[in-house]
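**Student:** The chain contents come next:
Number of protein chains: 4
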Amino acid sequence: MNVPYTSAVGSLVVQECNPIHFSECDIIFSGLDSSVAGDVESAFLKADLAIFSNAKNHRMGGNIPLVVPTANADHLDAIVQQRQQLSLQRGFLVTNSNCSTSGLVVVLKALQDAFGPLSAVIVQTMQAISGAGYPGVSSLDILDNVIPYISGEEDKMEVETLKILGQVRSTTESQQHDLFEPLTETKVSATCNRVAVVDGHTECVSVKFARQPAPSVEEIQRVLTAYKCDAQTLGCFSAPLAPICVAQSPDRPQPRLDRDIHGGNAVTVGRIRPCPVLDVKFTLLVHNTVLGAAGSGILNAELAVAKGLVRPAQ
Amino acid sequence: MNVPYTSAVGSLVVQECNPIHFSECDIIFSGLDSSVAGDVESAFLKADLAIFSNAKNHRMGGNIPLVVPTANADHLDAIVQQRQQLSLQRGFLVTNSNCSTSGLVVVLKALQDAFGPLSAVIVQTMQAISGAGYPGVSSLDILDNVIPYISGEEDKMEVETLKILGQVRSTTESQQHDLFEPLTETKVSATCNRVAVVDGHTECVSVKFARQPAPSVEEIQRVLTAYKCDAQTLGCFSAPLAPICVAQSPDRPQPRLDRDIHGGNAVTVGRIRPCPVLDVKFTLLVHNTVLGAAGSGILNAELAVAKGLVRPAQ
Amino acid sequence: MNVPYTSAVGSLVVQECNPIHFSECDIIFSGLDSSVAGDVESAFLKADLAIFSNAKNHRMGGNIPLVVPTANADHLDAIVQQRQQLSLQRGFLVTNSNCSTSGLVVVLKALQDAFGPLSAVIVQTMQAISGAGYPGVSSLDILDNVIPYISGEEDKMEVETLKILGQVRSTTESQQHDLFEPLTETKVSATCNRVAVVDGHTECVSVKFARQPAPSVEEIQRVLTAYKCDAQTLGCFSAPLAPICVAQSPDRPQPRLDRDIHGGNAVTVGRIRPCPVLDVKFTLLVHNTVLGAAGSGILNAELAVAKGLVRPAQ
Amino acid sequence: MNVPYTSAVGSLVVQECNPIHFSECDIIFSGLDSSVAGDVESAFLKADLAIFSNAKNHRMGGNIPLVVPTANADHLDAIVQQRQQLSLQRGFLVTNSNCSTSGLVVVLKALQDAFGPLSAVIVQTMQAISGAGYPGVSSLDILDNVIPYISGEEDKMEVETLKILGQVRSTTESQQHDLFEPLTETKVSATCNRVAVVDGHTECVSVKFARQPAPSVEEIQRVLTAYKCDAQTLGCFSAPLAPICVAQSPDRPQPRLDRDIHGGNAVTVGRIRPCPVLDVKFTLLVHNTVLGAAGSGILNAELAVAKGLVRPAQ
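Protein chains in written order, with UniProt numbering: chain A, 1 to 314; chain B, 1 to 314; chain C, 1 to 314; chain D, 1 to 314.
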């Protein structure tokens, strides 16, 4: 839904992207383009500022939490170790994931928590044009068409998923290693497509569980429906009523109908059924500009505040 | 491309769908809706007429060839045994496949011929609205949207693929069994979606070969590029210049740009690359109303004529 | 924006469409299809019920107010005379206009109030698919296409506009005539098209004023910006902050960006400029399922309550 | 319809845009962007080369023919006077019109030839995205949307129409004046919109005739159907079978169904009916990249050859 800017937004002052101008900010959100985000965010972090970034540049950094708020909020706790390693007082850098990764990991996390490790995940996406920014995708490329390729996207999905679903290392371990220990036993294969949808990424997923026999469709439905996240427990303002909504109708989720559920911070899952090749397959939908982008950043910030990890600027 | 009917089409006489009116036809094409195709085609077959059908009703029949002309033209030879079993002189019934099956099997056949059996195939489709007929898909269901479900389509893809890629039984065997022996060692998992495209089904495919190590991406490219079909050898009028076109650009195939190549009877394949879960993955495109429907029927008929399987009406 | 039904909606009881079941309702909203609305609404009216209808059947009836709430709320006052003529105690029937009429008349009313009668109006619409209901427009008719015709729509726009912009007759006059006196000196020419937009009708309008010289572009901008409606004065809950929003950017209004302004009950006008043939031309946008349908019905009801025209069921 | 480049196209040599490299060309087609077309074409013309341009830069030049081949092929004859004025032996510069102008003037020319001058024309367009080039329109601007503005387009339609429908001055007159005498008594008002269509501009037109009473709908249908153009008489290869096709069905023309008629060089007209404000209104469709662009250039060249106006390079 598009609404005009309020005068509050209209009267905001735009400043040069220099840490000097931001020293009074308790929290800083970075939605910078990746062509500049790397250096700017590094400078802000060095200036002891607290940053939540949507950019891809630092996501895979060894001491940078990569957090989808309804999947791995516990990774935020590594802010403490990050500060130690970087000798910061109140600064930190937390990133959120790629838009298509975000929806996937919420569901995989729920499955992994309940049924143990996954051995394989095959995911194929149908992504909205808003994911490419503005002007982004040319209308001549997408009207009456599909683009079967999004540069760099498949790599991001495959790598980010393993980090998000992995563990935070203990303080002892993390002195010699990265703070985060990605999954090694789960293989992820992603195929990313662009389709003529304004908002909302649809993803068709097949999974294989390490545990055999695999859980039944009914067990999976029950587990996904019951899944809760820290943002709910901690009473975060933007927490979705449920992180995962399980659609009952066989033709759901659909991007235009389901993307706005719970303010865009819920993932909708449907068509859970056996996969003749792996164990189980299903289709999920995530709002790529809410949970898949700014919404994650905001909810991550709310979580960090609730967990007492944010220290006010003096 | 849409063009007005010519006067030749405009002056065609429409007859009641009764075998009596069709006895002078050497070949009959059935594009009937499945709600009536079953009975009508059975009656026509009993009347010793030669039918090429696009309907789904008889596809899985034990003595009915299910033929994608650029994949398994050799199944047409079973017309001889079909006539024996049904005591027909010149009549027969040949069906072509579901539209989304057609593109898949051409590529899988080329791989199977070159590298031996496949052990697993995972395919996810993004299908055009023309596949649902007219009025078919409501615009409110597809504008700014994806429908992640097409009733019955996934079953058809999974079952038809195994029959088409299977063998025709020898005359001796087929007295006790179906004429066709479907693959049993290949597992196929299909997920079917509808997207806002007028014509052209895009399919993302991952395959695992029985043979290990699996062939390389380069070997596969070479084999797909070199693939030839009977329709070419026999000089059929509608034979594509190549049954499979291998796209070089990483963002191809695209439905609007590639669906009309070689008159719509070629399948375009691109993005051939390793799959972290199975062996290899790629994306293919098939024109759903040409090779996926009427085009298959016509090319099947041309093949049957070229093979001497059609006997003129007296 | 699509959201799931709340349980309050889910627990509503569906009754047969018979006045007997509705006698306790203070207000009844009719969103019936025109194939049945005529008879059902007549029966409800005869049963002394208070009806706000979105159906076209009774709109042009001689004693039926046809009301776009932000344009001609004064026509609601004719409920008093309607009751007298039909010998009703508390019942009445008020209709709202065709969706494409609704946006047009709000702007024309503002112009007419400020500058006197219009002599000519040429309007051409680009209408959203939601205006045709569900399943409504086939996707094959609208993807990569325009349908330059909507059955009956142009007549409705031309006739309804004249009634809405006309006068309520005095009690004396209306004993021999219809309650409503449509404009006779204004000529309206409408051309209606369907385009690939989900919600929001865009209308390109040229007008000629009876008064010459015509008002300037600046005068018109000022008048449209300053336009107020009864729903605001009376403090109706659904009243838009402004009935008309004048867009400043030359490429506005746009349906996806502007349709939801003020909850869908405002009309956005842009591109006000001289017309080389008539006097002035501009482009307007109306949310066809809010002000153009249910939103008008609800706001009409709020207005009727505020004006003391609704009598509670006993 | 999209088809791969043939090897003939692939082996063409690309040269710097300097007249030196083009001296052996009998005919040169300019499809340059307007940011460079002005200077390049001037240099080519000065070098005595024969140019057919699709660029807007020189269209309104006093001695430059602006020609829609099926509307005002007689303006090509002014090449003779152009050469005299510019002291050229074989060079000339002919432009074709804006894409949206092209469809309009063919129909207006047929009406003007048959019924005399028009006093007013109001036209509103729904233009395809291909008219904006590549990448052109952002998908975020056109999916589920209409853009009610195309920079400069309305001016071009209003001005070009008057030049194309005007006269070539006699040699005597044109020594003091421009070669072309635009219409002065016809007022044209254009409103241009962009819609989600790949190819094909749809235009809703209302016209008023100087002659009163105006011709009837039947007379207009007859005249448009019977309209012939020089390209047909002279046997040009690309001449459409008919320059104007009159659609009978009330919901035509439609861009996807009608744009390719007669190879894209015909204009389809439908919905001819009385206009309550002017005299008559109708809807037309033109293929914006064929008759509205390259197709005009090619047919203009064929006409110039057929008329003996092209002199071979030595």
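Misleading hints may appear alongside valid ones.
Copies of the same chain look alike in the list, so a pair counts if it works inside one copy or between any two.
[Claimed, not checked] No farther apart than 20 Å at their CA atoms in a straight line, the calculated lysine to any residue pairs in the SDA-like style are these:
no.	residue 1	residue 2
1	46	135
2	208	276
3	187	274
4	187	155
5	208	63
6	156	272
7	187	86
8	156	274
9	156	88
10	156	280
11	187	276
12	208	119
13	187	214
14	228	77
15	208	43
16	56	28
17	156	275
18	156	250
19	156	276
20	187	280
21	46	27
22	156	273
23	46	34
24	208	275
25	56	272
26	187	120
27	56	252
28	228	15
29	228	27
30	307	21
What the hints contain is simulated information worked out from the structure, not anything from laboratory work.
**Student:** If a hint holds in the structure, say so; if it doesn't, say that too.
**Tutor:** Checked hints:
1. 46 to 135: Classified as neither; 33 Å inside a copy, 40 Å across copies.
2. 208 to 276: Both: 11 Å inside a chain and 13 Å across chains, each within 20 Å.
3. 187 to 274: Both: 19 Å inside a chain and 13 Å across chains, each within 20 Å.
4. 187 to 155: Answer is within: at 12 Å inside a copy they meet the 20 Å cutoff, but 27 Å across does not.
5. 208 to 63: Classified as neither; 30 Å inside a copy, 37 Å across copies.
6. 156 to 272: Answer is between; shortest inter-copy Cα gap is 19 Å, intra-copy 25 Å.
7. 187 to 86: neither (32 Å within a copy, 51 Å between copies)
8. 156 to 274: between (27 Å within a copy, 16 Å between copies)
9. 156 to 88: neither (28 Å within a copy, 60 Å between copies)
10. 156 to 280: between (23 Å within a copy, 19 Å between copies)
11. 187 to 276: Result: close both inside a copy and across copies, 18 Å intra and 6 Å inter.
12. 208 to 119: both (5 Å within a copy, 16 Å between copies)
13. 187 to 214: For residue 187 and residue 214, both the intra-copy (17 Å) and inter-copy (18 Å) Cα distances are at most 20 Å.
14. 228 to 77: This pair counts as within: shortest intra-copy Cα distance 18 Å, inter-copy 55 Å.
15. 208 to 43: neither (42 Å within a copy, 47 Å between copies)
16. 56 to 28: Only inside one copy: residue 56 and residue 28 sit 16 Å apart there, 49 Å across copies, limit 20 Å.
17. 156 to 275: between (25 Å within a copy, 15 Å between copies)
18. 156 to 250: between (30 Å within a copy, 17 Å between copies)
19. 156 to 276: between (27 Å within a copy, 14 Å between copies)
20. 187 to 280: Answer is both; intra-copy 15 Å and inter-copy 14 Å each pass.
21. 46 to 27: Answer is within; shortest intra-copy Cα gap is 15 Å, inter-copy 64 Å.
22. 156 to 273: between (27 Å within a copy, 16 Å between copies)
23. 46 to 34: within (18 Å within a copy, 49 Å between copies)
24. 208 to 275: Both. Shortest intra-copy (9 Å) and inter-copy (15 Å) distances satisfy the 20 Å Cα cut-off.
25. 56 to 272: Neither. Shortest intra-copy (31 Å) and inter-copy (26 Å) distances fail the 20 Å Cα cut-off.
26. 187 to 120: Classified as both: same-chain Cα gap 5 Å, cross-chain 16 Å, threshold 20 Å.
27. 56 to 252: neither (30 Å within a copy, 25 Å between copies)
28. 228 to 15: neither (39 Å within a copy, 39 Å between copies)
29. 228 to 27: neither (26 Å within a copy, 43 Å between copies)
30. 307 to 21: neither (27 Å within a copy, 55 Å between copies)
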